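So the chains spell out like this:
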Amino acid sequence: MLGEFEYLLITAAAGLGDKAYGAAIREGIEESTGRKCSIGALYTTIDRLETKGLLKTWMSDATPQRGGRAKRMVRVTPEGVLAAKSFYDAVIRVSRGASWVANRNGSSL
Amino acid sequence: MGGEPEWEQLMTSAGWSFVEVAAYLLEREEREVVLGDLIEAGESAWLGLWDVLGLVARRQLVPLKSWRPWLASFGLALPASLLLMGFSVSISQTYQRLIHPTVFKATGLTIGPGFTLLVCNVLLLIGWSWTGGFVMGAVSRRTVRMSAVLSFLPCVFCLARFRVESLSRFCLLLFMFPAVWGVRRGLQISQIRLRTALILAVIITLLTIPTWSSSGSWIPNWVLSWPAWYLVATAWSGSADAKLYRSRATT
Chain U
1 MLGEFEYLLI
11 TAAAGLGDKA
21 YGAAIREGIE
31 ESTGRKCSIG
41 ALYTTIDRLE
51 TKGLLKTWMS
61 DATPQRGGRA
71 KRMVRVTPEG
81 VLAAKSFYDA
91 VIRVSRGASW
101 VANRNGSSL
Chain W
1 MGGEPEWEQL
11 MTSAGWSFVE
21 VAAYLLEREE
31 REVVLGDLIE
41 AGESAWLGLW
51 DVLGLVARRQ
61 LVPLKSWRPW
71 LASFGLALPA
81 SLLLMGFSVS
91 ISQTYQRLIH
101 PTVFKATGLT
111 IGPGFTLLVC
121 NVLLLIGWSW
131 TGGFVMGAVS
141 RRTVRMSAVL
151 SFLPCVFCLA
161 RFRVESLSRF
171 CLLLFMFPAV
181 WGVRRGLQIS
191 QIRLRTALIL
201 AVIITLLTIP
211 TWSSSGSWIP
221 NWVLSWPAWY
231 LVATAWSGSA
241 DAKLYRSRAT
251 T
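Protein chains in written order, with this note's numbering: chain U, 1 to 109; chain W, 1 to 251.
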């Protein structure tokens, strides 16, 4: 089962599609969680997910917007999609009946 | 007031110089990616420095989660260096006793009755040190510095306390030469051929036979001999994998 941050990273990368790379994923995670995402956490998690076969990464060409530096592009593999879906389903299942979940038993809070 | 922007600019460029220097602790490709991300995100130099140092620290700590660096450091480097230092001194003393320096000067070698044993022990020292170094390099490539420090610490301690007048204190370090050679080879190739590994392990085991009669020597013998048999095991596993791939490729 994925960890919370692993799920966030895979979901952000999947949302970005072909434009998923380190800085964009980081920005996506920071915007959606409102928390700072360190470069260390980002790249060590990307490495771990790639080792598990849930992500694939490669180097892009250098771009002038980044001072001529290359990007590390990221793509979610089919295994990564399954792992993220399984995490999401588990969160939905475990959240049923929790007081903060809207539309609990057909009504909202 | 007019000097403020200049001062800020100076601080920013100094900060970025620190970031770039810190980024040299990362591998080349990763350095490019991280510096590019920081420029794109428009982060301040000091936050960028913090980020880079955080990644460097994580990169250094990640290998320590594995059992391999711990085995290489505490199961091999530390005990083996202590035992090999003792063995180096023992060989030096035997050499001194068997080959008398005044006779050596006048007529050449005077071979004592224990000369064969001395040769066996020298070969054993080379074999143990080389295989130990090789396994240390192969098992903990990314943490080899930690293992090196742990093997050198006892050496520094013993060098400082060495009090045998007839011997130079550098006799303690005889094992270092084959060990460093072994570490270098281990880092380069990580595995040797099964036949070579087997021959090496059998020779090392045979060379320990003269010490079997003395009680209590089997523990240091096995502490120093296991790397040779570990090399056999990894070479055997490697050759089994290669056979499997070949058979898959032909079918």
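Since the hints were derived computationally from the structure, they do not count as laboratory data. It is possible that part of the hints are untrue.
If you only want the chain W side, here are some residues facing chain U, beta carbon under 10 Å, derived [what the hints assert, rightly or not]:
hint	residue
1	Trp50
2	Asp51
3	Leu53
4	Leu98
5	Glu165
Since we're looking at a predicted model, the values are computed, not measured. Ideal placement from N, C-alpha and C gives every residue a C-beta, glycine not left out.
Hints, verified against the model:
A least Cβ separation of about 8 Å between Trp50/W and chain U falls short of the 10 Å threshold, and the interface hint therefore holds. The interface hint given for Asp51/W holds, since its Cβ lies 4 Å from the closest Cβ of chain U, which is under the 10 Å cut-off. Interface restraint check for Leu53/W: the shortest CB-CB distance to chain U comes to about 8 Å, inside 10 Å, so the restraint holds. Among the interface hints, the one on Leu98/W is violated; its C-beta lies about 55 Å from the nearest C-beta in chain U, farther than the 10 Å criterion.
For Glu165/W, the suggested interface contact is broken, since its CB lies about 54 Å from the closest CB of chain U, more than 10 Å.
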